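A.B. asks: Residue-level listing of the chains:
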Amino acid sequence: MNDWEEGSGKGEGKEDPPVLPASRFPLPWVTSRAFTPRNLLRHPVRTALALAGIMVTTAMLLDMVLLAGGIERSFEQLLLGRGYQLRISPKGTLPFDTEATIPRAGAIRDLIAADPEVAAVGPMLGGAVYARRGDSLTTLFGYGIDPAAQAIYQVESGADLDAADTTGLLLSEPAARLLGATIGDTVTLAGGLDPQMALAGVERRLVVRGMVRWLYDYRGQPSVGTLLPVMQSLAHARAEDRVSVFVVRVHRDQQAEAVTTRLRQQLPALEVNSVTDLVIRFRERLVYFRQLSYILGVISLGVTVLLVATLMTITVNERLGEIATLRAIGIARGTIVRGVMLEGALLTAIGGALGVGLGVITARFLDRILTSFPGLPAAISFFVPEPLSLLLAAVVLLLTGILAGAYPALVAARAPIAATLRTEAT
Amino acid sequence: MQGAVLMLACVLGQQGVPALEPPSRRAAVPTSIALERRLADRLGVVVGDTLDLGLDPGRLDGRAVVTAIYEPAADPSIITRRELYLRLHLPDLAALLGAPDQVDRFGVGVRPGVRPEEAARELNRVAFGYRAFPSAEIANESSQTFRVVSRFHQAIAIISVVASAVFLLCIMLLKVEERRRDAAVMRFTGISRLTIFTALLLEALLVAALGSVLGVLLALGASAVTNLYYQRFFDTTLVFSVVTGATLRFSVALSLGLGVVAGSLAAWRLVRTSPVMLWGRG
Amino acid sequence: MNGEVVHALRGVSLTVRQGDYAAIVGPSGCGKSTLLQLLGGIDTPSRGSVALGGIALHSLSDRALTRLRLTRLGFVFQRFHLLPVLTARENVELPMAEAGAGREERRARALELLDYVGLAARADHRATQLSGGEMQRVAIARALANRPALILADEPTGELDAATGRGILDLFRRLSHDGVTLLVVTHDERLAAEAGRVIHMLDGVVVGDTAR
Numbered sequence: 000m001n002d003w004e005e006g007s008g009k010g011e012g013k014e015d016p017p018v019l020p021a022s023r024f025p026l027p028w029v030t031s032r033a034f035t036p037r038n039l040l041r042h043p044v045r046t047a048l049a050l051a052g053i054m055v056t057t058a059m060l061l062d063m064v065l066l067a068g069g070i071e072r073s074f075e076q077l078l079l080g081r082g083y084q085l086r087i088s089p090k091g092t093l094p095f096d097t098e099a100t101i102p103r104a105g106a107i108r109d110l111i112a113a114d115p116e117v118a119a120v121g122p123m124l125g126g127a128v129y130a131r132r133g134d135s136l137t138t139l140f141g142y143g144i145d146p147a148a149q150a151i152y153q154v155e156s157g158a159d160l161d162a163a164d165t166t167g168l169l170l171s172e173p174a175a176r177l178l179g180a181t182i183g184d185t186v187t188l189a190g191g192l193d194p195q196m197a198l199a200g201v202e203r204r205l206v207v208r209g210m211v212r213w214l215y216d217y218r219g220q221p222s223v224g225t226l227l228p229v230m231q232s233l234a235h236a237r238a239e240d241r242v243s244v245f246v247v248r249v250h251r252d253q254q255a256e257a258v259t260t261r262l263r264q265q266l267p268a269l270e271v272n273s274v275t276d277l278v279i280r281f282r283e284r285l286v287y288f289r290q291l292s293y294i295l296g297v298i299s300l301g302v303t304v305l306l307v308a309t310l311m312t313i314t315v316n317e318r319l320g321e322i323a324t325l326r327a328i329g330i331a332r333g334t335i336v337r338g339v340m341l342e343g344a345l346l347t348a349i350g351g352a353l354g355v356g357l358g359v360i361t362a363r364f365l366d367r368i369l370t371s372f373p374g375l376p377a378a379i380s381f382f383v384p385e386p387l388s389l390l391l392a393a394v395v396l397l398l399t400g401i402l403a404g405a406y407p408a409l410v411a412a413r414a415p416i417a418a419t420l421r422t423e424a425t
Numbered sequence: 000m001q002g003a004v005l006m007l008a009c010v011l012g013q014q015g016v017p018a019l020e021p022p023s024r025r026a027a028v029p030t031s032i033a034l035e036r037r038l039a040d041r042l043g044v045v046v047g048d049t050l051d052l053g054l055d056p057g058r059l060d061g062r063a064v065v066t067a068i069y070e071p072a073a074d075p076s077i078i079t080r081r082e083l084y085l086r087l088h089l090p091d092l093a094a095l096l097g098a099p100d101q102v103d104r105f106g107v108g109v110r111p112g113v114r115p116e117e118a119a120r121e122l123n124r125v126a127f128g129y130r131a132f133p134s135a136e137i138a139n140e141s142s143q144t145f146r147v148v149s150r151f152h153q154a155i156a157i158i159s160v161v162a163s164a165v166f167l168l169c170i171m172l173l174k175v176e177e178r179r180r181d182a183a184v185m186r187f188t189g190i191s192r193l194t195i196f197t198a199l200l201l202e203a204l205l206v207a208a209l210g211s212v213l214g215v216l217l218a219l220g221a222s223a224v225t226n227l228y229y230q231r232f233f234d235t236t237l238v239f240s241v242v243t244g245a246t247l248r249f250s251v252a253l254s255l256g257l258g259v260v261a262g263s264l265a266a267w268r269l270v271r272t273s274p275v276m277l278w279g280r281g
Numbered sequence: 000m001n002g003e004v005v006h007a008l009r010g011v012s013l014t015v016r017q018g019d020y021a022a023i024v025g026p027s028g029c030g031k032s033t034l035l036q037l038l039g040g041i042d043t044p045s046r047g048s049v050a051l052g053g054i055a056l057h058s059l060s061d062r063a064l065t066r067l068r069l070t071r072l073g074f075v076f077q078r079f080h081l082l083p084v085l086t087a088r089e090n091v092e093l094p095m096a097e098a099g100a101g102r103e104e105r106r107a108r109a110l111e112l113l114d115y116v117g118l119a120a121r122a123d124h125r126a127t128q129l130s131g132g133e134m135q136r137v138a139i140a141r142a143l144a145n146r147p148a149l150i151l152a153d154e155p156t157g158e159l160d161a162a163t164g165r166g167i168l169d170l171f172r173r174l175s176h177d178g179v180t181l182l183v184v185t186h187d188e189r190l191a192a193e194a195g196r197v198i199h200m201l202d203g204v205v206v207g208d209t210a211r
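Quick mapping for you: the protein sequence lines, in order, are chains A, B and C.
So for the first sequence, numbering that gives the first Met the number 0 puts the first residue at 0; every next one is plus one.
So for the second sequence, numbering that gives the first Met the number 0 puts the first residue at 0; every next one is plus one.
So for the third sequence, numbering that gives the first Met the number 0 puts the first residue at 0; every next one is plus one.
In short, the hints are calculated from the structure, not lab data.
Just so you know, not all the hints are guaranteed correct.
Stated by the list, open to error - Facing chain A, a subset of chain C residues (Cβ under 7 Å, in silico):
1) Val-84
2) Pro-94
3) Glu-97
Only a predicted model underlies this, so the values are computations on that prediction, with no experimental measurement involved.
Each residue gets a CB set at the ideal place from its N, CA and C atoms; glycine is no exception.
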């Protein structure tokens, strides 16, 4: 049994004495790992509650990470969805933000199209139009478009408008329901209403060619689309060739900013914005949500730290005797500290994983609330995942859990062994 | 100034405007305008200064004298838009727009005894090209945005309360379990379960009360900081955070209630365990 | 304690040789456990020094001292101090894992030691599922895990009934016979009677040191 070596001389100074058996590389992680999961099961109710707490705070943290910049990403995806990188609108306005319009659209279109980097220019006019149903008029939102260069709808059934189809009409599903119309039906649109004479200045009979999804419509918005000249005549904008906005596609995405700069110089009376510019402007309007997400995210992390730190502190205090025993039988401080930190990390990891599931559910719930903002495009979402942010949040959360247990573990591991054993024995 | 003029055009809703009068027909008497304070600061003008106005940045034909600078009523619906406003007399604006007989809306006052809803219905019956709405309906529609924000805040509050409840329960459980040996000794020496339970409950109540007080102070401080920050950020007098008596009462009641419930559950769990088990020998 | 200086030991000088089976006896509070803790390096003397195999413990860093306890000493406590979440085998394996032994090696040795103390059949039971006597046997097996130069036992039968204590007694006798160096603090006269050397203490002083 006893194959130890005799001592040979006294060790001087603080160094490993030579008489110790040659030690293999220690495996403290084995020691630490061996009892960490089981320690969590020692007090199942306590562990379950801690996991529940971490789960809820993780869900909140996840939602705030999704919210921080979520709507901007969603908006950017919407803007770039059809591949048009620039928007040109009346000075001082954002597209369709006001009823202001741009005159001499044809000349401006030609000027824009002359830029060698420009691949397509799509003028659009938007405004209120009225559909006649018997003696009554139903208010709709009308889009005048160029089907060859548009960024505003996707055909869902039926056909798109031809370039020369001045009698064609596109309907959204809410508009179709409102008018009781379907593909092939004839709809009479009126414009230029004169309240005194109770007359419509312009009326056009149009045939429904297709059902479309208008990308920027809010939920339930009844919208219709015609060729641009038709809508201009309905809006009394034909004489001055007015449009609400131009969408511009450049050949190469990298050239978008350069083209924006050039067009700004050429068109000083208009508002020229790249998608990046629009996202920044949009961000300014929704700065509240970004800031709220940061604040609540930090609070969530803080609560997690408090919870894990309190739990680990009390857990370590309960096991002071155990820890002193381990130290007495030769288990290193580092092993003990690692074990406690591992416990904190495991708790955080499990609670965090559960929290992700809960967070996805609560994000959907919160998104349903926020996307009910009046006038917000139905395609927009407030909670959009961004992989890098999610990864960062996960790493921060895990580190939080690890470090929260570090301090109490260090304190316990440094406690005097004999005194602790005596105290624990009484 | 250019920006301000174009904002004028945009804000007031330009529609199908005919060509502006050439410079030779500029009004001899400048119109009087009132600027909101932020616009005046941005332009660096004071009462008495003269501005050029127009609908096109390249053609500022109109002249106007600043006769007033006003602080607009804080409107949360436009606060993030950073738009700047000025006011003109209606005929002056109509002349500027070249649409002397055109307005966007009328405000209508009804005679005493007439219900606005009835008046609106009557007007809509004969309407063509316009619609009448009772002001209450407009207010209701325009407050939709704030209702959404309010619901969002409520949802966040509910999640926070749930998280706090779980956290509180966990902490109370831990704190009470720390006292397991004390409880065992008390039971060994004949102290009744009820006495121990009551003692632990009183402790929990005290912790909850102290925590509530600290929480209230924290909330008041955070509210003040929030208002200070956002009023500076948006350059507005709008109040963003209000801690009312009702909010305080509700929060304190909830906090105390949760603390008592959590403490009770933890204490009950402790007292129903046998003293031998508590001591660690069972 | 409470601001007063308590002299737990006064002028104690002691040498333990390889193969000794020594018992330290004396009334409660005479300093027996303190002496044992000093010899084990888990407490530090106010004056004087402790050497193990010629190595002065005070000259070692905490890390080296811990390592020394792991590889040269074995502790048996009155209250067993096993880790309740581990099985008997895992408790015995713990010091070996810390010392860097491979999985198969430490498993085999743990089973060998448990067999030695008569608990091979209980190897996979949690510590909380064992009786007091069984827990103390496991603690002894743990103390033997890294083949220590010296076993220090503090009241090993203090928490056990007479019959169970006899079992521990038999085990210690066997260990001594097998060449293990034992230093035991005890109130148990039977245990003291088994020892080859009895060190009497009173009020922090060694008052007798008799060899049988």
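A.B. asks: Give a verdict on every hint.
C.D. replies: Each hint, compared with the structure:
1. Annotation: Val-84 of chain C was flagged as interfacial toward chain A, and the flag holds, the nearest CB pair being 4 Å apart, inside 7 Å.
2. Satisfaction of the interface hint for Pro-94 of chain C is found here, the shortest Cβ-Cβ separation to chain A being roughly 6 Å, below the 7 Å cut-off.
3. The interface hint given for Glu-97 of chain C is met, as the beta carbon of that residue sits about 5 Å from the closest beta carbon of chain A, less than 7 Å.
When held up to the earlier numbered hints, the structure conflicts with none and fits them all.
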